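Numbering (my numbering), first residue to last: 73 to 325.
Since the hints were derived computationally from the structure, they do not count as laboratory data.
It should be emphasised that the depicted structure is a prediction, and the values quoted were computed from it without experimental measurement.
Hints may contain errors.
Quick list of simulated restraints, FRET-style, between CB atoms [claimed, not checked]:
| no. | residue 1 | residue 2 | range |
| --- | --- | --- | --- |
| 1 | LYS194 | GLU270 | 16 to 24 Å |
| 2 | LEU310 | LYS133 | 18 to 26 Å |
| 3 | ALA252 | THR293 | 12 to 20 Å |
| 4 | ASN234 | LYS299 | 33 to 41 Å |
| 5 | VAL233 | LYS157 | 14 to 22 Å |
| 6 | ASP295 | ILE259 | 28 to 36 Å |
Calculated lysine-lysine pairs in the BS3-like style (CA-CA distance at most 27 Å, straight line) [what the hints assert, rightly or not]:
| no. | residue 1 | residue 2 |
| --- | --- | --- |
| 7 | LYS238 | LYS194 |
| 8 | LYS264 | LYS282 |
| 9 | LYS161 | LYS144 |
| 10 | LYS264 | LYS238 |
| 11 | LYS238 | LYS133 |
| 12 | LYS192 | LYS161 |
| 13 | LYS264 | LYS239 |
| 14 | LYS299 | LYS239 |
| 15 | LYS133 | LYS291 |
| 16 | LYS133 | LYS164 |
| 17 | LYS164 | LYS144 |
| 18 | LYS264 | LYS291 |
| 19 | LYS192 | LYS238 |
| 20 | LYS256 | LYS239 |
| 21 | LYS239 | LYS192 |
| 22 | LYS144 | LYS133 |
| 23 | LYS239 | LYS300 |
| 24 | LYS256 | LYS144 |
| 25 | LYS194 | LYS164 |
| 26 | LYS144 | LYS239 |
| 27 | LYS157 | LYS239 |
| 28 | LYS133 | LYS264 |
| 29 | LYS164 | LYS239 |
| 30 | LYS157 | LYS144 |
| 31 | LYS299 | LYS238 |
| 32 | LYS194 | LYS157 |
| 33 | LYS239 | LYS152 |
| 34 | LYS157 | LYS299 |
| 35 | LYS256 | LYS300 |
Beta carbons are placed, not taken as given, at the ideal position from N, Cα and C, and that holds for glycine.
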Amino acid sequence: MFDRIQNITLRYLKNYLQREDLLKLLTGFEKFKEKIPMRNSIVMLIICFSVVLVCNVVEAKLLMLDDFANGKINDSFWLKEGGVKAVWKVDKFQDDNRLEIHRTKGDGSGPDEYGFGLVKFKDFGIQLDFYLLEDPFPPKIEILFRANRDMFFYQLKINPVNGAGKKNIARWYRREGADAGTHKEYIEHSAKLPIQVETNAWYTLSILGKGPNFELYIKRTEDASSKKVYAWRDPKNLHPEGVMGIHTNGNLT
73 MFDRIQNITL RYLKNYLQRE DLLKLLTGFE KFKEKIPMRN SIVMLIICFS
123 VVLVCNVVEA KLLMLDDFAN GKINDSFWLK EGGVKAVWKV DKFQDDNRLE
173 IHRTKGDGSG PDEYGFGLVK FKDFGIQLDF YLLEDPFPPK IEILFRANRD
223 MFFYQLKINP VNGAGKKNIA RWYRREGADA GTHKEYIEHS AKLPIQVETN
273 AWYTLSILGK GPNFELYIKR TEDASSKKVY AWRDPKNLHP EGVMGIHTNG
323 NLT
């Protein structure tokens with residue numbers, strides 16, 4: 073049943089992207105030089121012409137899409153508190169509006185280092201394209217799902233071949249509130265990526281969730297089909313509902 077839902081979701085997302093002729097999600101770290109500096113920001117995450125899709129995998133209903141084309145943070149999609157207020161900024165980069173996320177000097181656990189959406193979902197499909205920029209700090213992408221502002225969430229980290237710590241790997245985490253001590257890794261579910269993920273290249277990431285079951289797929293954006301990275305189950309179903317988000321601090325845990 074989950075395989076059938078997964079196929080429906082991926083096909084729906086692909087068809088929607090082609091029909092709307094939308095572009096990509098660019099994410100990475102780069103020194104902040106030309107823009108207006110923000111307090112305590114030393115490095116930034118850039119998201120340009122992003123496609124962020126969250127849909128109910130049963131009805132295949134589009135719940136959220138944001139390309140930041142209007143040059144503003146969309147009040148309907150993003151919570152303008154915490155990380156969104158502190159370190160998110162939409163500005164011109166490479167001739168188009170981008171979402172810039174400035175990394176702070178914190179330890180990675182504070183509220184200013186987490187940006188949350190507003191659109192809630194249970195069963196879901198999220199698809200995005202990402203591009204990790206070169207940076208003196210280890211690059212990676214960190215996506216939150218079924219999250220909320222009270223710091224309850226699941227988290228996916230993709231660490232490339234030239235990152236710090238474990239190379240070319242997908243790692244899963246959960247957090248259960250304000251206490252940073254509850255931020256734990258599902259060590260048994262870490263998985264080597266089926267392709268080499270490097271900086272300065274495009275990749276497409278798909279996360280699917282049906283109840284306590286999750287699946288991850290990845291591909292080079294120019295490739296025709298995605299490769300399955302890993303499937304796992306959280307028997308406790310700790311976070312059955314929530315929003316998506318982005319963790320903006322670059323320190324690996």
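Q.
Let me make sure I understand: some of the numbered hints might not hold for this structure. Which ones are they, in numerical order?
A. The structure breaks hints 1, 3, 4, 5, 7, 11, 16, 19, 21, 24, 25, 26, 27, 28, 29, 33 and 34; every other hint is satisfied.
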